[in-house]
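Colleague: The hints should help you fit chain B onto chain A, whose structure is shown.
Protein chains in written order, with my numbering: chain A, -5 to 143; chain B, -5 to 143.
Everything labelled a hint here was simulated from the structure, so no lab data went into it. Treat the hints with caution; some may be incorrect.
Repeated chains share a single entry, so a pair holds when one copy, or any two copies, can fit it.
What the hints assert, rightly or not - Derived EDC-like pairs: lysine to aspartate or glutamate, alpha-carbon spacing no greater than 16 Å straight-line: (1) 87 / 48; (2) 43 / 4; (3) 44 / 61; (4) 70 / 27; (5) 43 / 123; (6) 87 / 4; (7) 87 / 69; (8) 70 / 123; (9) 43 / 26; (10) 87 / 35; (11) 70 / 47.
Number of protein chains: 2
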Amino acid sequence: MACPVARSLDVIGEWWSLLIVRDAILGVRRFEDFKATGIADNILSARLKKLVEEGIFERRLSEGRSDRYEYVLTEKGSGLALVIAALRSWGQKWTQGGDRSLRLVHRACGHEVSVVAYCEECGRRAARDEVAPERIGAPAGPGSHQFVD
Amino acid sequence: MACPVARSLDVIGEWWSLLIVRDAILGVRRFEDFKATGIADNILSARLKKLVEEGIFERRLSEGRSDRYEYVLTEKGSGLALVIAALRSWGQKWTQGGDRSLRLVHRACGHEVSVVAYCEECGRRAARDEVAPERIGAPAGPGSHQFVD
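For reference, chain A alone in the conformation it holds in the complex (with noise of 0.2 Å):
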């Protein structure tokens, strides 16, 4: 796929694999503890089997155990963090109901960070009205699908 927005949901757009990767940053690495999120063990099993695939977890025996295995997240795995943010911020925002969630906190204060646009030339966070959508790679020719504006 030539879109990095169609390849990431690609890995975690599956219905609960993202509520799983959460319930991980938060220090959750047992199948039975992923359970507490609601999610059926047969689609569980079929998720992490698919977020090992994917390198989003790394499936490891517990330390000191020899029978029980645990789902540790990947630097990869890691990454989501900022994803699952950026979906709270717009949840809390846009629908109603209680928070009990994942937030990310500034250690130096021990507030919560929000999900910005930032500029990294200009070195500071870019406004709402300051940012404009832009189509790249756009293929050219025939065929090619013409946007509307």
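Modeller: Same frame as chain A, but now just chain B:
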């Protein structure tokens, strides 16, 4: 649902939904044009219907036409741009492939913005190792789930 991440996924977590929103952010408004993503008619129709019900899109008559509808992102829908940008960042870093996608550009300088963790309190970007995940709103008492660590 008590978790805003789960609620967000309940709204836009079905396969294709975020890709439809991605195209909409780039200016696509017509059913025929959303099809360029490669989605089947019946799925596209079902997804758009749900996204309208959820207030992500507004369905309205095209200007000057009484026979054609278009799907316009609401403010709630446009708010997903950061989620999509976070998925794009992760996909660029961790998956292989081209880069035909949506990027968010800083109007002031023309460079692509990054999606980062930002501390409003300190007024600056928080680096990855400065951010700690924290579980919030855990139910207390018997039957509550004990996280590892």
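Colleague: Hint by hint, note whether the structure agrees.
Modeller: Status of each hint after checking the structure:
no.: 1; hint: 87 / 48; in the structure: between (31 Å within a copy, 14 Å between copies)
no.: 2; hint: 43 / 4; in the structure: within (14 Å within a copy, 23 Å between copies)
no.: 3; hint: 44 / 61; in the structure: neither (21 Å within a copy, 45 Å between copies)
no.: 4; hint: 70 / 27; in the structure: neither (22 Å within a copy, 34 Å between copies)
no.: 5; hint: 43 / 123; in the structure: neither (41 Å within a copy, 28 Å between copies)
no.: 6; hint: 87 / 4; in the structure: between (26 Å within a copy, 15 Å between copies)
no.: 7; hint: 87 / 69; in the structure: between (29 Å within a copy, 11 Å between copies)
no.: 8; hint: 70 / 123; in the structure: between (31 Å within a copy, 15 Å between copies)
no.: 9; hint: 43 / 26; in the structure: within (15 Å within a copy, 37 Å between copies)
no.: 10; hint: 87 / 35; in the structure: neither (32 Å within a copy, 31 Å between copies)
no.: 11; hint: 70 / 47; in the structure: within (12 Å within a copy, 34 Å between copies)
Violated hints, listed in ascending order, are 3, 4, 5, 10; each of the other numbered hints is respected by the structure.
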